[in-house]
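What follows is the residue order along each chain.
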Amino acid sequence: MNLELSHFSAAILFAVFASVVFGITQRNTSRDMIRYGLYCFAMFVGGVIVAGWVMWILRR
Amino acid sequence: MANSSVEKTKKIDATAAPMTPMSIVAPALGWLIPGAGHLIQKRFIRGALLMASIVAMFLLGLAMQGRIYKPNGGDILDILGFVGDVGAGGLYILTRANDWGQGAIAHATADYGTKFIIVAGLLNFIAVADAYHIAIGKKQ
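Sequences listed follow chains A and B, in order. What the first sequence shows, in our numbering, is residues 1 to 60, in sequence order. What the second sequence shows, in our numbering, is residues 1001 to 1140, in sequence order.
Heads up, a few of these hints could be off.
What the hints assert, rightly or not - Per label pair, the in silico range of CB-to-CB distance:
1. A/Arg59 with B/Gly1137: 46 to 56 Å
2. B/Met1019 with A/Gly46: 37 to 47 Å
3. A/Ile34 with B/Ile1136: 22 to 32 Å
No lab work stands behind these hints: they were computed from the structure. Ideal Cβ placement from N, Cα and C applies to all residues, glycine included.
In isolation and in its complexed conformation, chain A is listed as follows (with noise of 0.2 Å):
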């Protein structure tokens, strides 16, 4: 099996596996797991939209 992922795909899996990881381990009630989780989903992926457009504007 051959999976071929787009970078962007790839980094927004990788966001939701390490922010459900960190939300449980890192917070002590659901609702703070909850929002840990949801926290961490967005820095991961406004940080890769951020370091994109950082990469974008090095290159012109």
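With chain A fixed as given, assemble chain B onto it according to the hints.
Below, chain B alone, put in the same frame as chain A:
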């Protein structure tokens, strides 16, 4: 002088984790089977989510032709890669036993796969530590 050393000893005793069979079994099982350290302590939803995330990440890494690191004493990055991979426990053992994860340099996504496998192992280390904290009562 003597009083301060007694106080220090008391502090250490107060913060020392209680050694229970679960505090050994849960991390060991959690390392071997991602999420099982939580499942054995009746944290079913958390355990299932951890298992799904870590196993899916590891398998996606393999599907992307990621490379599995073997024990080595050479390059520091290879050693760190091996440490990360070993975190996946049973998945790593199974992969090595079946000779999977040889990595295909021809594919651009293979490097993503290698990173997915390493990070799956590292995330499992965090899950193992969490299972231990639950076992000693530091976390609910």
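Results for each hint:
| no. | hint | result |
| --- | --- | --- |
| 1 | A/Arg59 with B/Gly1137: 46 to 56 Å | 53 Å, holds |
| 2 | B/Met1019 with A/Gly46: 37 to 47 Å | 43 Å, holds |
| 3 | A/Ile34 with B/Ile1136: 22 to 32 Å | 25 Å, holds |
Going down the numbered hints, you'll see the structure goes against none, and every one checks out.
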